[in-house]
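Chain residues, written in single-letter form:
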Amino acid sequence: MYNYSANTQYIGKQFLYLTTCHSTNDLAKSLNSRGLCKNGMVIFTENQTHGRGQQGTSWVSEPGQNLTFSIILRLSDLSLDKQFLFNKALSIHLLGFFRTYFSNPAYAFHIKWPNDVYLNGKKIAGILVENSLSGTHITASVLGIGLNVNQQVFDFPTASSLAIAFDKPIDRYELLNSLLLYLDENLPLNFETLSMAEVQTIHKVYDATLWGLHQPRWYQAAADPFIATLKGVDEQGLLILETKQGIERFEIKSVQFINHPVD
Amino acid sequence: MKPKEIQELIDFVANSGLAEVNIETEQFKLNIKKYPDVVASQAPVYSLPQVAQQAIAPAAAATNTAPVAKTEAPVVEAKSNLITIKSPMIGTFYRSAGPDKPLFVNVGDEVSAGKTVCIIEAMKLFNEIESEISGTIVKILVDNATPVEYDQPLFLVEPK
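Sequence lines, in order, name chains A and B.
In terms of our numbering, the first sequence is numbered consecutively and its last residue is 263.
In terms of our numbering, the second sequence is numbered consecutively and its last residue is 160.
No false leads were mixed into what you were given.
Chain B is faced by these chain A residues, among others (derived, beta-carbon under 8 Å):
#, residue
1, R52
2, F84
3, P114
4, N115
5, N131
6, S132
7, G135
8, T136
Pairs of lysine to any residue residues, derived as SDA-like cross-links and limited to a Cα-Cα distance of at most 20 Å, are as follows:
#, chain 1, residue 1, chain 2, residue 2
9, A, K253, B, E121
10, A, K123, A, T158
11, A, K112, A, P261
12, B, K86, B, Q152
13, B, K101, A, S30
14, B, K124, A, S254
15, A, K82, B, S87
16, A, K168, A, N120
17, B, K101, A, H22
The hints are simulated quantities; they were obtained by calculation from the structure and are not laboratory data.
Just so you know, these numbers come straight off a predicted model, no measurement behind them.
Don't be surprised by glycine CBs; every beta carbon is placed ideally from N, CA and C.
For reference, chain A alone in the conformation it holds in the complex (with noise of 0.2 Å):
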């Protein structure tokens, strides 16, 4: 069993381990709800048997080979319109684990819109955030992280692990360990008091390390698809495209990648 050692200020002080859970977040909200838990909490599962991603899709892991776990986060002040910085600065700081622990330039991680982590073009860790709101400002985010680590079959082309593409197993939790600790380390506390000129340098940073950017690359909308280029995210996490037609804004659903070389 894993054993808890990081040394944090506050991520993972409260640490469930769980053989087996539905869903993390799931459980994570329920005990964020009764007051059952800390800032920082982590709670984690060798086996999640109902992981969810994005709204009806869901998540699915191999037991025992990955890492899925939640972290209960209460910042200090978070008003709804930080969201997406708060998103950003998330995707940024899991990036910038994944680029510190294996610093091999061979190695490509990127983010891919808006929050997944893609190495050599392949997704191998996602984040589902959800927010409790007391009006407009954000009390609790639960933050679901799954990353892929040791498995080696996948239903999706897209998906792949760090074994696979290391060609070698990764020791889980000494990289649990070093992931909680980086993000104690470099997340943000307090979103409210983050001078101009830091807003500035997650929004830069976040762009700079887009999968795609300035790259011509296939997209698809409502119809035809489309050679677009990749120009950044905006402050309301929408994506900017640069297409035959000039700059374009796009949401989460209405815009979809397209795995094809562009002549």
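Position chain B relative to chain A; hints supplied.
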């Protein structure tokens, strides 16, 4: 953790399908384990409600959209003390946590302050919207999975 919280946690584990729970903080280690015969019954316990929910959910959704909208209209006009729950953001309105999950609220349901009434999603960030008042849901003004604007009315609530 206080003894009452530990008791609540044990109750929670007892009522869940979980076989084993280990909690570790700076102050203590807690290990809760259910007996193997309970574990053996875990699979059927999980699968039954799942199937039942899927079968019930579409029927429930179908019955509460059409008839409710018709019958509730005059009620809304007659009462002026109704309070509106509005959307705090631009996004997509969801009445449940997923297609196979039960609806958060229906017309006629009593809600208390702090009860989740819907989810508004934007850019894959899911926000659980809580009622800030206690009362009865009188009308649901937006269809499931449709876009909503900032400040758009979502529910009419008759306060207690």
